[in-house]
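Peer 1: The task is simple: from the sequences and hints, build the whole structure.
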Amino acid sequence: MGIKFLEFIKPFCAVLPEISKPDRKIQFREKVLWTAITLFIFLVCCQIPLFGIMSSDSADPFYWQRVILASSRGTLMELGISPIVTSGLIMQLLAGAKIIEVGDTPKDRALFNGAQKLFGMVITVGQAIVYVMTGMYGDPSDVGAGVCLLIIIQLFVAGLIVLLLDELLQKGYGLGSGISLFIATNICETIVWKAFSPATVNTGRGTEFEGAIIALFHLLATKQDKVRGLREAFYRQNLPNLMNLMATVFVFGVVIYFQGFRVDLPIKSARYRGQYSSYPIKLFYTSNIPIILQSALVSNLYVISQMLATKFHGNFFINLLGVWADVSGGGPARSYPVGGLCYYLSPPETLSHVAEDPIHAFLYIVFMLGSCAFFSKTWIEVSGSSAKDVAKQLKDQQMVMRGHRDTSMIKELNRYIPTAAAFGGLCIGALSVMADFMGAIGSGTGILLAVTIIYQYFEIFVKEQSEMGGMSTLLF
Amino acid sequence: MTGSKTEYDEKGITFYYFLLSVWAAIVISATLFVFPRRKSKAEKERIRRKCNCTPCNNKRQTVSTSKPIFKIAVIFIGWIVLLLLAYKVSTVQNEDREYDPFEILQVDTEASLHEIKKAYRKLSLEHHPDMATGDSEMFMKIAKAYAALTDEESRNNWKTYGHPDGPGAIIFGMALPNWIFDKSGSFWIFVVYIVVFIVIMPIGVGFWWYYSKFSKGRVLNETHDLYMHCLYHSPNIKPIKLLGYSWEFNYKCNPKIEMRPTEGKDELMKLLNKKKKKKKAKKGDFLGCGDIARALLQAQLTRHTFENPKFKVDQIYILQKFPALIDKMVEILAQLVPFSIHMQRQDPKLQPTKKKQPTKTAKKERKKTHKPSIPSLKTIESCMRLSQLITQALDVEDSPIKQLPHIGPDIMRLLDDNLSIRDFVDMDTVERRSLLKDLNESQYNDVMNVCALMPYVTMSATCEVKGDEDSTITVGSTVTVTVSMRRKNIIDERDVPAWADKLETLTVNVSQASDVTNIDQTIKGWRKIPSKKGKKKTASNKAKGIKVQGERAKTQKNELPKEKYSHETEKEHCFEKDTESEDDESTGNKETIDEKEWKTCQDEIKSEISLDTKRESHQVHCPYFPDEKQEGWWLYVADRKNNMLFTAPVHIVSLKDEKEIKVQLKAPSKVGIFTYTVIIRSDCYVDLDYHQTIKLDVKAAKKTDAEQDKIKENEESKEGCKDNNDSDYSSENDELSDSE
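Just so you know, the protein sequences line up as chains A and B, in that order. Our numbering puts the first residue of the first sequence at 1, with every later residue one more than the last. Our numbering puts the first residue of the second sequence at 1, with every later residue one more than the last.
Derived from the structure by calculation, the hints contain no laboratory data. A couple of the hints might just be wrong.
Negatives, chain B to chain A, calculated, CB over 10 Å [what the hints assert, rightly or not]: (1) C51; (2) S154; (3) T458; (4) K466.
Derived BS3-like pairs: lysine-lysine, alpha-carbon spacing no greater than 27 Å straight-line [unchecked claim]: (5) B:K629 with A:K463; (6) B:K144 with A:K223; (7) B:K256 with B:K270; (8) A:K25 with B:K328.
Chain A regions said to be covered by chain B (calculated; three or more residues, Cβ under 8 Å) [as the list claims (entries may be wrong)]: (9) 191–202; (10) 233–244; (11) 270–276.
C-beta: ideal position from N, C-alpha, C; glycine also.
Peer 2: This is how it looks when you write it as structure tokens:
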């Protein structure tokens with residue numbers, strides 16, 4: 001049945017738009033160029049508002065998802081990368097659970113990728129229809145059928161563009177993958193905005209800048225009492241302050257420090273004596289996957305809970321799931337959970353919140369750490385990076401571990417890989433919690449994602465640099 | 001972002017704050033970036049020992065006038081703008097003052113309750129509406145301020161919201177000047193957007209793309225292909241000739257190169273013909289781009305100065321390109337060596353001719369049919385030598401002493417032709433001074449200063465098989481040669497008597513090497529395989545059609561006794577290990593040993609991982625080379641006697657003091673003692689190359705699993721059966737240990 005499913009996809013794959021593999025070696029310079037172009041297109045798409053939508057001042061139900069899905073409200077990137085991520089996740093899970101059988105042949109791989117893309121497109125259309133029909137852009141009857149269709153088409157084409165851009169990068173024309181690039185860009189954009197935003201707020205005690213660094217200058221210049229001005233620049237509560245910025249930098253540093261933690265298993269060639277190398281097992285073995293899965297789960301729960309809360313307001317069971325209240329702070333309008341399960345799964349906003357409701361903080365920490373460790377451990381089984389798979393891989397390359405026989409290799413790998421995965425997931429969760437408590441800009445999850453992605457890019461650059469010689473020869 | 005409520009900055013106050021802080025962030029980070037770091041010790045030494053010869057001074061002028069001043073000027077302007085902005089901001093009247101009850105009551109912020117009450121009473125009397133001086137508005141203000149300081153509720157409101165009345169209406173704003181969002185303003189913004197994103201950006205990217213192709217450190221793909229092709233088909237081509245034909249110097253490919261067919265042709269021809277007199281007749285008066293480039297390079301070697309300024313410009317351009325090109329050439333040669341050996345082995349046509357007549361005729365045949373021959377060590381070394389010569393502007397026959405400043409032809413005549421730099425440094429001071437008696441004191445100092453900063457490298461090379469329990473070198477295994485280098489200034493070394501020791505060891509090495517050659521005369525490197533086959537043939541009386549596999553089996557047969565022995569020892573070893581693992585105490589011991597090994601292994605890997613991205617070593621004294629140059633070295637292992645390269649040359653550009661480099665080479669597939677040479681060659685100084693001989697004591701191979709399989713395939717002898725049993729036995733053991 002498994003093979004049959006992919007065979008069933010086959011006729012569709014022929015009509016799918018596809019980016020052909022590069023037929024030559026792409027120079028690093030060229031890769032940088034393509035990556036920049038991709039990023040540029042994405043950023044432009046993030047700014048173009050959808051045609052035909054009505055103003056939407058209601059609370060944004062997807063606020064919690066925006067960070068990891070690189071989407072921005074009311075623009076072509078409304079869906080962001082969620083179709084790709086969702087389809088990729090589901091297909092991987094299906095393949096991992098052996099519901100779809102995927103062989104090792106390149107043909108099978110290509111079919112699988114095609115299926116993933118097709119599925120992504122279907123999800124795009126589906127999501128677009130749901131968005132329009134649920135009245136996110138105004139009541140469908142007010143908007144009119146023609147415009148509704150137009151909005152759906154816009155969203156679909158934008159989704160297709162993102163799909164193709166991601167494929168462009170992944171096929172080897174660019175660096176990294178589109179998904180990670182977009183997520184990192186989105187988060188970095190948030191951080192820079194929070195630091196340098198020219199937006200001002202006047203709540204009655206004078207104009208205040210949103211950007212933390214600009215606020216520092218402004219407060220120092222305007223306040224008579226410089227010490228108080230400085231204190232306010234560091235600790236003000238309603239808007240991003242310098243402490244938030246410093247916490248962000250601190251989390252950045254900590255994550256990068258942890259990235260270097262790894263165990264190198266010495267391996268040698270079974271065929272040629274004296275050929276040796278190492279197989280690194282990182283502490284963050286599964287990288288940022290657990291946090292993506294975890295936040296995907298939580299944000300979906302939020303969306304469902306919010307929808308139910310608006311439909312069946314006051315129902316006991318719905319309240320058990322989550323009670324929501326609109327809070328309009330400095331930023332865009334959004335709903336906060338104030339009770340129920342969702343409340344206990346949401347991060348405490350500040351340290352004083354922790355003191356007020358320690359149970360909330362405790363449950364949140366336990367949930368974060370536990371779910372991250374769990375997702376991390378399951379992910380290695382699903383994605384084919386478990387000890388068994390690694391041992392098989394090494395065996396195919398005729399490599400054995402130094403000082404061990406073939407058969408004991410799995411045992412030795414089993415000593416490290418599950419531990420690294422579980423503990424790494426735990427660490428990721430803990431870092432995320434820590435970032436949230438310290439009030440780092442762009443949420444703990446977001447920063448973790450951004451840092452891991454940026455670190456990957458940094459590694460690519462360093463590797464290329466050591467091969468080619470200085471940065472200047474790489475780019476100029 | 002905040003929708004329709006947004007209010008823009010009409011008075012242009014907040015906008016200045018925005019501008020000021022962004023500008024400050026840019027200027028401060030730029031200053032930190034450009035600000036000169038503290039000079040290191042080596043740099044101070046270099047400045048102290050600055051050379052003052054005329055070409056050096058000329059070069060310093062041309063190099064230094066360009067960049068730093070420009071940078072400093074930009075930063076200076078940045079700071080001035082910043083100060084102006086700050087002044088502007090400070091003079092701007094701050095409209096919305098913060099609510100301050102103390103100011104209204106005209107008391108100090110530290111005032112006590114009593115004082116506040118007193119001030120309130122006084123002011124309220126003064127401003128009471130019933131009084132003649134009354135002002136109802138002012139009175140309200142005073143009352144509110146007094147309440148803010150005394151009343152609990154208003155005090156809280158004032159603390160949290162900034163006003164005793166509680167939170168006011170929230171006004172969102174954007175610190176951008178109003179005109180941007182006007183009708184006309186937004187049109188211009190739109191125009192600017194269009195221009196920036198649709199016109200300037202693509203053009204900028206296009207320019208970057210096009211011109212970065214010809215940047216200093218980059219080699220065109222076409223040139224890469226040309227080198228590959230030429231070196232593959234005629235591996236003994238002169239590097240300078242090939243360099244000249246690089247596409248970088250061709251006007252068809254590089255727009256920066258102008259074709260000047262007629263100007264100054266005679267001068268160039270003369271330069272070329274100095275070397276090659278034969279070609280004069282053939283070539284006539286045609287001069288291609290390649291010839292011009294070669295002539296310009298030749299001019300650099302002979303320190304010929306052109307009258308024509310255009311040639312000067314061209315020459316500088318070529319020389320700036322030169323290091324990257326020569327690097328590429330060495331890289332390609334290093335790739336070609338194993339490749340052409342592989343091809344020779346593969347090519348069925350080539351092998352019989354070689355075997356039949358390994359004489360000159362065979363070689364000629366090979367040339368005729370354009371079969372690839374292996375680029376010899378000579379070609380590679382001549383490339384490296386060319387790099388040295390061009391950098392120092394020396395001709396091939398020139399004495400290395402000519403690298404030093406102020407050494408003209410008059411002094412050269414006095415000196416011994418074979419005098420090396422090291423000899424010169426080692427020379428007795430009085431003797432040296434008398435040799436250079438034509439130089440005045442400051443000139444002599446220059447000479448000695450340049451001498452002093454020249455590099456002296458000591459190295460020690462060890463070779464072993466890594467990643468295995470025992471590190472004996474066996475047939476066909478991969479040997480890791482670890483070379484640790486230590487660079488010093490030559491003058492530092494001179495003070496220490498260690499130099500003499502070094503010389504002694506060198507001589508010892510030489511003698512050892514000669515011993516070894518007596519013992520084993522038929523050592524050959526990569527080339528060895530065909531020749532070995534030839535020998536085999538004579539031994540086994542012309543068994544022509546035997547396949548390679550069969551031969552291998554035979555060699556194994558010949559070496560069987562030894563192998564058997566080693567295999568048995570290995571078996572015992574395994575056995576011991578197994579028995580040990582049963583014993584608890586011994587396992588404990590083993591564990592600790594393992595842990596140690598593990599630790600060293602981890603450290604090793606970590607040290608390998610840590611990349612140094614700095615490309616900085618020591619500056620080179622090269623007055624005739626247009627760019628500043630940093631010392632670089634090529635490290636490679638070769639067999640000098642057979643002119644064979646064994647490892648691809650590693651270009652080391654960051655040898656500051658000490659460095660450890662690992663190179664891997666394949667051990668010869670024959671038992672015996674082999675001597676190779678580890679060579680470190682400078683890419684910028686002539687006559688400062690260092691080498692050390694290493695000895696590979698190649699033992700017969702123990703059987704690895706893969707080899708065992710081969711034996712089984714080839715011959716099903718008793719030995720093979722035994723092996724089978726053994727392996728069964730061991731696998732059983734494995735299972736046992738697993739189940740434990």
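Peer 1: Look at each hint and say if it fits the structure.
Peer 2: Hints and how they fare:
At roughly 27 Å, the least C-beta separation between C51 of chain B and chain A is larger than 10 Å, which holds for a residue marked as non-interface. The claim that S154 of chain B lies off the interface holds: its Cβ sits roughly 14 Å from the closest Cβ of chain A, which is beyond the 10 Å cut-off. Here T458 of chain B stays apart from chain A, with its beta-carbon at least about 26 Å from theirs, past the 10 Å limit. Separation of K466 of chain B from chain A is inadequate, the least Cβ-Cβ distance of about 5 Å not exceeding the 10 Å criterion.
At roughly 24 Å between alpha-carbon atoms, K629 of chain B and K463 of chain A fall within 27 Å of each other, so this suggested pair holds. For the proposed pair K144 of chain B and K223 of chain A, the alpha carbon gap of about 21 Å is at most 27 Å, so the pair holds. Restraint check for K256 of chain B and K270 of chain B: the C-alpha separation of about 25 Å stays at or below 27 Å, so the hint holds. Using a Cα cut-off of 27 Å, the hinted pair K25 of chain A and K328 of chain B holds, with the two alpha carbons roughly 17 Å apart.
With 6 residues carrying a beta carbon less than 8 Å from a beta carbon of chain B, the segment 191–202 of chain A meets the three-residue requirement, and the given coverage holds. Closer than 8 Å: that is the beta-carbon criterion, and the segment 233–244 of chain A has 0 residues meeting it against chain B, so the requirement of 3 is violated. Check on the segment 270–276 of chain A: 7 of its residues sit with their Cβ under 8 Å from a Cβ of chain B, so the three-residue criterion for coverage holds.
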